[in-house]
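Following the hints, put chains B and C in place on chain A, whose structure we already have.
Protein chains in written order, with my numbering: chain A, 1 to 343; chain B, 1 to 348; chain C, 1 to 359.
What the hints contain is simulated information worked out from the structure, not anything from laboratory work. This structure is a prediction, so every number in the text was calculated from the model and none was measured. Check the hints yourself; a few may be wrong.
To give a feel for the contact side, a few chain A residues facing chain C, derived at Cβ under 8 Å [claimed, not checked]:
hint : residue
1    : D106
2    : T110
3    : S156
4    : N161
5    : D283
6    : V317
Pairs of lysine-lysine, DSS-like flavour, derived with a Cα cap of 25 Å [claimed, not checked]:
hint : chain 1 : residue 1 : chain 2 : residue 2
7    : B       : K310      : C       : K83
8    : A       : K162      : C       : K132
9    : C       : K31       : B       : K310
10   : C       : K228      : B       : K310
11   : C       : K171      : C       : K269
12   : A       : K162      : C       : K150
13   : A       : K162      : C       : K98
14   : B       : K62       : C       : K132
15   : C       : K31       : A       : K162
16   : C       : K267      : B       : K310
17   : C       : K215      : A       : K162
Derived Cβ-Cβ restraints for the label pairs, each shown as a range [claimed, not checked]:
hint : chain 1 : residue 1 : chain 2 : residue 2 : range
18   : B       : T170      : C       : N178      : 35 to 43 Å
19   : C       : K337      : B       : D58       : 34 to 42 Å
20   : C       : G268      : B       : G181      : 15 to 23 Å
21   : C       : P49       : A       : V195      : 49 to 57 Å
22   : B       : T170      : C       : K88       : 28 to 36 Å
Just so you know, even glycine gets a beta-carbon here, dropped at the ideal spot from N, CA and C.
Chain residues, written in single-letter form:
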Amino acid sequence: MNAPPAAPEDTRTAVVEDRRETSRGPGRFLRWDATVGALLIAAFLVGTGTTEGFSDTANLSAALNDTAEIALLALPMTLLVVAGQVDLSVASMLGLSSALAGALWDAGWTFETIVPVCLAVGLVGGLLNGWLVTRVGLPSLAVTIGTLTLYRGLASVVLGNKAVADFPETYAQWASNTETVPGTFVPYPLALFAVLAVAAAIVLHGTGFGRALFAVGAQEDAAYFAGIRVKRLKLILFAVSGFVASFAGIVYTLRYGSARADNGLGLELTVVAAVLLGGIDFDGGKGTLGGAVAGVLLIGVLNNLLTLNDVSHEIQVIVTGALLIVSVLTPRAISLLTARKHP
Amino acid sequence: MSTTRTTLPPPTATRTEPERTGRSTAETVLRVREYSIGGALGLLILVTWLVNPSFLDDQGIKDLLLNSSILVLLVTGQSVVVLTRNIDLSVGSVVGLTAFACGSFVSGTDHGPLTLVLLGIVLGTACGLVSGALVSFGRVPALVVTLGMLYVIQGVDHAWAHGEQINAATVPDDILALGSGSVLGVPYLPLISAVVLAATGYFLRTYGSGRELYAIGSNPQAARLAGIPIRRRVLAAYAFSGAVAGFAGALWLARFGTVVADAANGWELTVVSAVVVGGVAITGGVGTVWGAALGALLLTTIGSALVVLKVSSFWEQAITGALLLAAISTDRVVRSRSTRALRKRRRQ
Amino acid sequence: MRSHHRSRLLTVTAAACALTIGLAGCSGTTKRDAKDDAKEKAQNAKADPDAPLKKGLKLAFLPKQINNPYMTVVDKGGIKAAKEFGGKGKEVGPSDAKASSQVSYINTLTQQRQDAILLAANDPNAVCGPLKTAMKQDVKIVTYDSDAGKDCRHVFINQASSEDIGRGLVKDMAEQLNYKGDIAILSATQNATNQNTWIKIMKDELKKPKYKGMKLVKTAYGDDVDQKSFQETQGLLKAYPDLKGIISPTTVGLAAAARYISGSKYKGKVTLGGLGTPNQMRKYVKDGTIEQFSLWDPAELGYLGAYAAAALSSGQITGKEGEKFKAGKLGEYTVGKDGEVVLGPPTVFTSKNIDDFDF
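Looking at chain A on its own, in the form it has when it is part of the complex:
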């Protein structure tokens, strides 16, 4: 959705306008990502205080593990959204990777060869997205809606209506929530996610690459004129996104012990919602990785808490939607209020 105006004059006005808004805006008074973090802690504390069984380690590891794929997919999605792009094909790639793993496993391949093959397919799929965006010049939303259909379709071509199970116990154990990092309630997929999240945070907030992402997201044309290789940057992002999605597919397959063509169907909007909830601006150029992670975990913890209290799924959906709206509205409302006070 990021759309830099064409004429250079416009670009300049836009930048000025933007700067004015941020200086008077939410940044000064309230950071949304910090708020989400605070909400997460609050939800956790309220849950512990009011709900029996919530703070139970078994429950926490199960609840955390249920967010594993969303969390993994959210990392590259955050980087993409910061750069003003989006990848809606991630859930389909997850399904394709899972279906492929199932088909190859059924054909008697060793699991150790299946994993790299799936990851390679993910990388290729991501590169295709990136190529269509950067070389053909199509908007990422349009491209990835197309590949969403394509990759899901390929999953069904690869595995058809078969369901493959009986994956190796050792790996399945690794992915399940019954085995955790010794001494903690953190299941392994989530521990891995934590490591990757730290890496992604360093890339986004501590390197030139990360700064370039923000620049591209804020003003693509300006970034280009400033010497940032916009196309290459985007290509890398999409490739990483496809790669991580296929990895999430493997985790999904192992965690549920089931490979089917419809695995992860419709997960894309959940991932986008989690990332946006964390305060990543969909118009690009704003946000922190910590916010995105907090967003993912907040949705996971809230859903778990509500389910434990027998709140129906429909209400959970409403809560998620309302949170999303509030997440963008609150900073806006605060900035409007403060703007009125200091004209």
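The following block gives chains B and C in isolation, referenced to the frame of chain A:
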């Protein structure tokens, strides 16, 4: 993305009155989109017809029109929103909510089609106004707000329905007749869609406020400086999209009779992809509702044609995805070439 | 510069692959190894058929999805039964028919210490792990409508034997067609467990010599979405002009197919059969689109499930073959092979009896 911005849409082009010759060439270039999608659609129908002539018999044409009419309606509303450089992801759940609401309202009563349609439109407009107000007055990203609205409306709809179902047997016959009846052999539904489409197309092209939507999408800053009431226009676009979705929900009930809470569940991305395939730039300001409607026709026809061509069920989705990508890529390449040619001619 | 960047990308890919292989360990694990280390079953508890039903049992119904009208009827039947024997039943679940969403519900239900979970599995394999965890914590597991893996539940309440359903649907169709003509199947999603089981049996039945005049030309998938099923029906009739019959073993598909046929030129020319609910199909039976279809009483399915769960929790049965328990007004049931309890033969609905039913 920035190159799409340089091609001016027909309505804005009329503002640059002095360049009369340039305008007509520009229009031809823009028509390319409709021609290429129309051509693809024609080719698809032709091939399918050659393989299986019954694809285009009376029943076949009727089926194709009926299948696409609700999608065409939704796409018309969505295009208007997308033109302003916004998006409305909540349309699918608005259809679901209105279809169920209308269903439980008319079920077991003798309400006529008019009440039904009015109820649908009112409900849909209300949903659209909420999204629109948040986007335009709250000035928050459309994608986030409408994704949130998608969840909220869907949740309300599901919580209300909670596994109940509207049965065709309890829906008044007059209403079902709206969905299945026809005049002179043409079913009502496609006629309704065509009227809404034509009216919207005419409005966007002829009325000042319609052209302003293009201006907003193509360059918000300039539009503001030109004195266009951006917020009101965007709000109106959302209200329209909601109204059309509500209308579609009412028609959904009339057509299917049996309705559960998740009517049109997950349609939001189908609608957006039809709009994109039809040449409405997701970045706003470019495209026509006609193209978008052709995109919708193409998408539904692909679905029907693949079955008739006896393509394996497992391949259907993959082929649809590949065709979708091919359509938008080809168009993009063709258009950037012709834009370049156009620029060259202007320079001469 | 560009080629440099490409080669770097390649290196990264290669490194990533190498890393995974390295991490995964040296010995290759294939399907054959895995088969052996699975499967464990420890059920040494003795059944006491005379044990009284416990009071205040907490039963949780976890349907495929909560806004599916058919599932709602099933669960209401179950909750009613729970009330009868002084237990407490509730229905929870996702609003989408996804395996992943069911898994988190199983985890929380285990956490809530329910006495029994009654589950209609979306994916028989995916729910297995959490179900086993629940069983370890002495939560009784009853599957209904759609089974999970045999090791992952105590009892499966089958609506009717799969054999009966599959073969019955083919027989009924064949009789109406005089054993001649092309037929097609309109199923739910490609991965629907029940439908896939039935279709397999149907194909097997069709292999018998008496069906040599009949041919199954296509299995189409309507995804249990009304609109998609409707469109698939159109497509089938267009693609196969000689089609004489359509069997739809899913209530959504059958209703959609009937609606299309009743409003098209194919009415009276194409025979329709399958599973449907009387309320959905009444209109089409009366206008002659369809002669007969079948289904079990969904409320009774839930009712029986609730009693089976209570019998398990009270120790009357453990899920072994041959054990017996009483299911309220439905009478006595016997646990069959693999812990399966069959509700009974499905009811056939025709214009004569359809008005006696309301569900």
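How the hints compare with the structure:
This hint holds: D106(A) has a C-beta 7 Å from the nearest C-beta of chain C, less than the 8 Å allowed. Restraint check, T110(A) versus chain C: the minimum CB separation of about 3 Å is within 8 Å; hint holds. Checking S156(A) against chain C: minimum C-beta separation of about 6 Å stays under 8 Å; hint holds. Annotation: interface hint on N161(A) holds; nearest CB of chain C at approximately 4 Å, less than 8 Å.
With a cut of 8 Å, the hint placing D283(A) at the interface with chain C is violated, because the nearest CB-to-CB distance is about 28 Å. Because the smallest distance between the Cβ of V317(A) and any Cβ of chain C comes to about 7 Å, under 8 Å, the interface hint for this residue holds. The straight-line distance between the Cα atoms of K310(B) and K83(C) is roughly 51 Å, outside the 25 Å bound, and the hint therefore fails. For the hint linking K162(A) to K132(C), the alpha-carbon distance of about 23 Å falls within 25 Å, and the restraint holds.
Straight-line distance between C-alpha atoms of K31(C) and K310(B) comes to about 35 Å, which puts the hinted pair past the 25 Å bound. Distance restraint check for K228(C) and K310(B): the Cα-Cα separation of roughly 16 Å lies within the 25 Å cut-off, and the hinted pair is therefore satisfied. Among the hinted pairs, K171(C) with K269(C) is consistent with the structure: their alpha-carbon atoms are about 19 Å apart, no more than 25 Å. Under the criterion of a C-alpha separation no larger than 25 Å, the hint pairing K162(A) with K150(C) is consistent with the structure, at around 18 Å.
A C-alpha spacing of about 16 Å is found between K162(A) and K98(C), which places the hinted pair at or below 25 Å, so the restraint holds. Proposed proximity of K62(B) and K132(C) is contradicted: the alpha carbons are some 53 Å apart, above 25 Å. Restraint check for K31(C) and K162(A): the C-alpha separation of about 16 Å stays at or below 25 Å, so the hint holds. With a C-alpha separation of about 23 Å, the suggested pairing of K267(C) with K310(B) holds against the 25 Å cut-off.
At roughly 23 Å between alpha-carbon atoms, K215(C) and K162(A) fall within 25 Å of each other, so this suggested pair holds. In this structure, T170(B) and N178(C) meet the distance hint of 35 to 43 Å, their C-beta atoms being roughly 36 Å apart. Between K337(C) and D58(B), the C-beta spacing of about 53 Å breaks the proposed range 34 to 42 Å. In this structure, G268(C) and G181(B) meet the distance hint of 15 to 23 Å, their C-beta atoms being roughly 20 Å apart.
A hinted range of 49 to 57 Å for the beta carbons of P49(C) and V195(A) is consistent with their spacing of about 55 Å. Checked against the given bound of 28 to 36 Å, the beta carbons of T170(B) and K88(C), roughly 33 Å apart, stay inside it.
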